[in-house]
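Engineer: Construct all of the structure, not just a fragment, from the sequences and the given hints.
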Amino acid sequence: MALPKGMRKPPRKGKIGKKVAYFKGCALEGPARDYDASARLVAKALGLELDQLEDFNCCGSLHVKNLSFKASLLLGARNFSVARAQGHGALVAPCNGCSFALKRAERLLSDEGKLSELNRLLEEAGERPVDELPQAHHLLEWLYNEAGPEEVKKNAVRPLKGLKVACYYGCLYGMPRVFSGAYPHASKEEELAVPYGRETADDDEHPYYMDALLEAAGAETVELGPYATSCCGSYFSLVEPELARSMALKVLKEAHARGARLLAVACPACKLSLETALARHEDLKLSVVYFTQLLALAFGHPPGSLGLTEEAWAG
Amino acid sequence: MRLWGLAEEDRIVEGKEGALILPKTSCDCKTELFDEITALPLAGEALSCDGCGVCTASCPVAEIITGFNPRSFIKTLEAGALDEVQKTAELLWRCVSCQACTHRCPRGVFVEDFLKAAVKVLRRKGLMEKSPAELFDELFTAEVLEYGKVEPVELIFSWLELQGYRVVRDPLLRKPLPFAGEIPPEIKKLVLKPLKGLRLSFVALNAVRLLVHPRSRNWGRVKHVLRKALGEV
Numbered sequence: 077m078a079l080p081k082g083m084r085k086p087p088r089k090g091k092i093g094k095k096v097a098y099f100k101g102c103a104l105e106g107p108a109r110d111y112d113a114s115a116r117l118v119a120k121a122l123g124l125e126l127d128q129l130e131d132f133n134c135c136g137s138l139h140v141k142n143l144s145f146k147a148s149l150l151l152g153a154r155n156f157s158v159a160r161a162q163g164h165g166a167l168v169a170p171c172n173g174c175s176f177a178l179k180r181a182e183r184l185l186s187d188e189g190k191l192s193e194l195n196r197l198l199e200e201a202g203e204r205p206v207d208e209l210p211q212a213h214h215l216l217e218w219l220y221n222e223a224g225p226e227e228v229k230k231n232a233v234r235p236l237k238g239l240k241v242a243c244y245y246g247c248l249y250g251m252p253r254v255f256s257g258a259y260p261h262a263s264k265e266e267e268l269a270v271p272y273g274r275e276t277a278d279d280d281e282h283p284y285y286m287d288a289l290l291e292a293a294g295a296e297t298v299e300l301g302p303y304a305t306s307c308c309g310s311y312f313s314l315v316e317p318e319l320a321r322s323m324a325l326k327v328l329k330e331a332h333a334r335g336a337r338l339l340a341v342a343c344p345a346c347k348l349s350l351e352t353a354l355a356r357h358e359d360l361k362l363s364v365v366y367f368t369q370l371l372a373l374a375f376g377h378p379p380g381s382l383g384l385t386e387e388a389w390a391g
Numbered sequence: 085m086r087l088w089g090l091a092e093e094d095r096i097v098e099g100k101e102g103a104l105i106l107p108k109t110s111c112d113c114k115t116e117l118f119d120e121i122t123a124l125p126l127a128g129e130a131l132s133c134d135g136c137g138v139c140t141a142s143c144p145v146a147e148i149i150t151g152f153n154p155r156s157f158i159k160t161l162e163a164g165a166l167d168e169v170q171k172t173a174e175l176l177w178r179c180v181s182c183q184a185c186t187h188r189c190p191r192g193v194f195v196e197d198f199l200k201a202a203v204k205v206l207r208r209k210g211l212m213e214k215s216p217a218e219l220f221d222e223l224f225t226a227e228v229l230e231y232g233k234v235e236p237v238e239l240i241f242s243w244l245e246l247q248g249y250r251v252v253r254d255p256l257l258r259k260p261l262p263f264a265g266e267i268p269p270e271i272k273k274l275v276l277k278p279l280k281g282l283r284l285s286f287v288a289l290n291a292v293r294l295l296v297h298p299r300s301r302n303w304g305r306v307k308h309v310l311r312k313a314l315g316e317v
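Top to bottom, those sequences are chains A and B. Take 77 as the starting number for the first sequence in our numbering and just add one per residue. Take 85 as the starting number for the second sequence in our numbering and just add one per residue.
Just so you know, the hints here were simulated from the structure itself, not pulled from any lab data. Incorrect hints may have been included.
[Claimed, not checked] Covered, in the sense of this in silico footprint (three residues per stretch, anywhere, with C-beta under 8 angstroms from a C-beta of chain B), are these stretches of chain A:
(1) 129–139
(2) 148–156
(3) 246–252
No residue lacks a Cβ here, since even glycine has one placed at the ideal position from N, Cα and C.
Structural biologist: This is the structure:
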């Protein structure tokens, strides 16, 4: 459930920075090109700057870490090294898998001695050692904090009136809190007394950044309840299709039952899994889109330029 | 005999009084198996598991697959009874790594990392067969190791091929042709979707990527170090 409006925190401007390193990730260079295109348009319209990391490597997602702890940290460290070489203190990743892997690497490398150990490996590989650990964030966290609903509202020249959208965050957006820094926003206590809490992170159990941005763009958001963060099955749609389909269907059925026409996501792997399940359940009459596509639409960009087909959004 | 100052008859639990629960004592005889798992990175936190079951309550796979139960996995591997471990080994690989268990554990156990560490040890000891999930991890990692980056379409097709689907590749560059062959209909639909909307620029750019696999700079040297790291857990 998205946190009710009265309990939401205002954006923390200036905490991440208006110009950040953009860790595009493998999917956005390939099949999720529409996510990339719309993310750039949205950032530009909001007066923010995504400085693309030209020479990144794969974040390792979940797969490399499943095989080797050390190798997963090496992949993270090399990406941090590239970001530092481009002079950045913050990285933004548009994919849940990437943002998870980068946040994980950031947290684990901050343990004593870990960074110098990995720096030795980087040097052995002929790469620049990391002088200072940059912070990793999800694109959604950055857009909420550095622009926020007010800026979105100002730029929404074509508000998404009458569009019923269910915001699906996915599991790795805020989980686990030890890496993402997500904390309960509604708590009355000093919020960052939470271990590993990060000011710019979303609420730990009731994320609302996407809801807030799309509401500001004029859309009507639909409550997904616990399914907003429950896993869609991700790459298990290839590995164990039956299991992934059952998981994705829970999300899709909830969105459908609540009257949503669109399911907005912030991750290409979620889109893959949800669409694979949808392909067998066309009765659900849902389209899966990236939240940035909807924002760019509200900012006046024609759907064609965003990779949105007529059927996806017009309904 | 009196326990905590209560007479025997007072210890009979009545619903309205609330249950008197004896403190759980973990078995002191931690098995060699458990020692080996908890020695792996991040898995050691499992030693402070209280057995509260929040992991299982949060687990989306447990909702679907009977017997998939992270709490019971931890406790079973701790006790080490071989027949129970065998049952665990059959189910374990279906963990989708969603991190809900780790997120909610009140004791700070990295439950997901523990389960993956358990897979590693059980495989090493020959108590578990290679699972599709491990096969996928290996395929993904091999592509990262080779190029530094992953080409998702190439990855999906290589996976389907590995699963016995008939994938047609062009004879020259050995790249998959998504419109031919026999692949699951939903995946074909997804891959061909951009064609339907006539998003030619997207299609063209993706085609180029399929021809020339994206690669990170200086990967030759990084690959060497990465391969060594992969061999060291």
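Engineer: Look at each hint and say if it fits the structure.
Structural biologist: Right, here's what the structure says about each hint:
1. For the stretch 129–139 of chain A, the proposed coverage by chain B is satisfied: 8 residues have a C-beta within less than 8 angstroms of a C-beta in that chain, meeting the threshold of three.
2. For a cut-off of 8 angstroms, the count of residues in the stretch 148–156 of chain A with a CB near a CB of chain B stands at 3, and the three-residue condition holds.
3. Check on the stretch 246–252 of chain A: 5 of its residues sit with their Cβ under 8 angstroms from a Cβ of chain B, so the three-residue criterion for coverage holds.
Hint check: no violations occur; every hint is consistent with the structure.
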